[in-house]
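J.: What follows is the residue order along each chain.
There are 2 protein chains.
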Amino acid sequence: MQGTPQTTPPAAYATTDRTVPTRSPDRASYDKDLVHAILDEGYVCHLGFVRDGAPVVLPTLYARVGERLYVHGSTGSRPLRMTGQADPGLPVCLTVTHVDALILARSAFHHSINYRSVVVHGVAHDVTDPEEKRMVLDALVDHVVPGRAADSRPANRKELAATAVIRLDLNEVSAKLRTGGVNDEPEDLALPHWAGVVPLRKGYDTPVADAGLAPGTELPDYLAMF
Amino acid sequence: MQGTPQTTPPAAYATTDRTVPTRSPDRASYDKDLVHAILDEGYVCHLGFVRDGAPVVLPTLYARVGERLYVHGSTGSRPLRMTGQADPGLPVCLTVTHVDALILARSAFHHSINYRSVVVHGVAHDVTDPEEKRMVLDALVDHVVPGRAADSRPANRKELAATAVIRLDLNEVSAKLRTGGVNDEPEDLALPHWAGVVPLRKGYDTPVADAGLAPGTELPDYLAMF
Chain A
1 MQGTPQTTPP AAYATTDRTV PTRSPDRASY DKDLVHAILD EGYVCHLGFV RDGAPVVLPT
61 LYARVGERLY VHGSTGSRPL RMTGQADPGL PVCLTVTHVD ALILARSAFH HSINYRSVVV
121 HGVAHDVTDP EEKRMVLDAL VDHVVPGRAA DSRPANRKEL AATAVIRLDL NEVSAKLRTG
181 GVNDEPEDLA LPHWAGVVPL RKGYDTPVAD AGLAPGTELP DYLAMF
Chain B
1 MQGTPQTTPP AAYATTDRTV PTRSPDRASY DKDLVHAILD EGYVCHLGFV RDGAPVVLPT
61 LYARVGERLY VHGSTGSRPL RMTGQADPGL PVCLTVTHVD ALILARSAFH HSINYRSVVV
121 HGVAHDVTDP EEKRMVLDAL VDHVVPGRAA DSRPANRKEL AATAVIRLDL NEVSAKLRTG
181 GVNDEPEDLA LPHWAGVVPL RKGYDTPVAD AGLAPGTELP DYLAMF
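First to last, the protein sequences are chains A and B. Start counting the first sequence at 1; every next residue gets the next number (UniProt numbering). Start counting the second sequence at 1; every next residue gets the next number (UniProt numbering).
Extracted from the complex, chain A is given alone in its bound form (with noise of 0.2 Å):
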């Protein structure tokens, strides 16, 4: 409409009731621009559905696109051959949880851990165009390694076929963290017990060449940051 504002796209997810922690809720984020970096910093998901009325978490390997995550896995895996037979799809809540310090506190009951969650819930559809399917795994390899994915065989129909891809949208979700230090109480401060915080290191070691590597292949740039 003429004379309408421009509008950028809302900052927040919409919370609801299964997004709202029942305690700690200062610890909880709706804020997109964070869910996005806890969610881009890591590669490996829980992903938790219902069969036969019991819950079952899985892990597996995820990737997100703007406002989807996608999850492959074979055709004959449980949630995605669910995910296809399922109308209009399958029930989900994917998580991902970094963990970054343990938090020693002089009393037992402050101890805690600083760690960074996103909780996505939501109905994963099953994608079967070949073009969405060909781009999620190009965005699966290069979630877990930036730039891997032109250096490698692309999958081939048979492979592609083999292939089940899910889509989830990012509607319901929310984050939740704790970060900082100790939290102990003022009458435990003079206790002589050791307090404070152990950050967790991460990163990766030196990668190992398989054996027959084509004659001149050498590590590439990608990988030098490993």
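Keep in mind the hints are simulated off the structure, nothing from the lab. For every residue, glycine included, the Cβ atom is placed at its ideal position computed from N, Cα and C. Incorrect hints may appear among the rest.
Examples of chain A residues toward chain B, derived with CB under 7 Å [stated by the list, open to error]:
(1) His46
(2) Val99
(3) Ala139
(4) Val141
(5) Arg153
(6) Lys158
(7) Glu159
Got chain A sorted already, so can you dock chain B onto it with the hints?
T.: The following block gives chain B in isolation, referenced to the frame of chain A:
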């Protein structure tokens, strides 16, 4: 009965329909020692349960004591409150995953991750006995930092009352793991793409002491390994 031969406890968990994967069954294991080792190496699990018919997956700390897993949290947290209200307990799935290495194959299709995971299906029960709760709280602290529970102020009555503990028996359990190197197709071996294993680095950085430690409080020996 007289003359009955001594039997050692079974070394493996019995399989069930939901602990046998639909694919890569060669990656599954039911060996108790392996399951225990994977569980004892981690301290953050992903706990799945069903709320209003939909799955929920939350990260939380856990500890193993023999053939039982324990999870704790505020009495106000959702899964713990739901367990306390459920009769005869809350169906859950508790999953622990370690990522060990990235597997970069010449083909995008054979990219993978070396990992070790344990999936436990069962019914969580509220722990109400104060002595068992105290034992669990010590175990949770010691599970993250062995030796720490004895070097911290134990929970007082108020803290104990504010903490809920749930128990999950290790009956329906499976491990799943991928180890080893790159598995490319024979016809891809001559491709000019680097391939190999990128191991993840794990560990801790130097502990950072809280401000205001009691005078003379040194870094304890059990943290020196960090």
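J.: With reference to the structure, classify each hint as holding or not holding.
T.: So, going through the hints one by one against the coordinates:
1. His46: Check passed: Cβ of His46/A comes within 4 Å of chain B, closer than 7 Å.
2. Val99: For Val99/A, the interface hint holds, since the closest Cβ of chain B sits about 6 Å away, which is under 7 Å.
3. Ala139: violated (11 Å)
4. Val141: Since the shortest Cβ distance to chain B is 5 Å, the answer is holds.
5. Arg153: Arg153/A check passes; min Cβ-Cβ to chain B is 4 Å, inside 7 Å.
6. Lys158: Where the cut-off is 7 Å and the nearest Cβ of chain B is about 9 Å from Lys158/A, the hint is violated.
7. Glu159: holds (4 Å)
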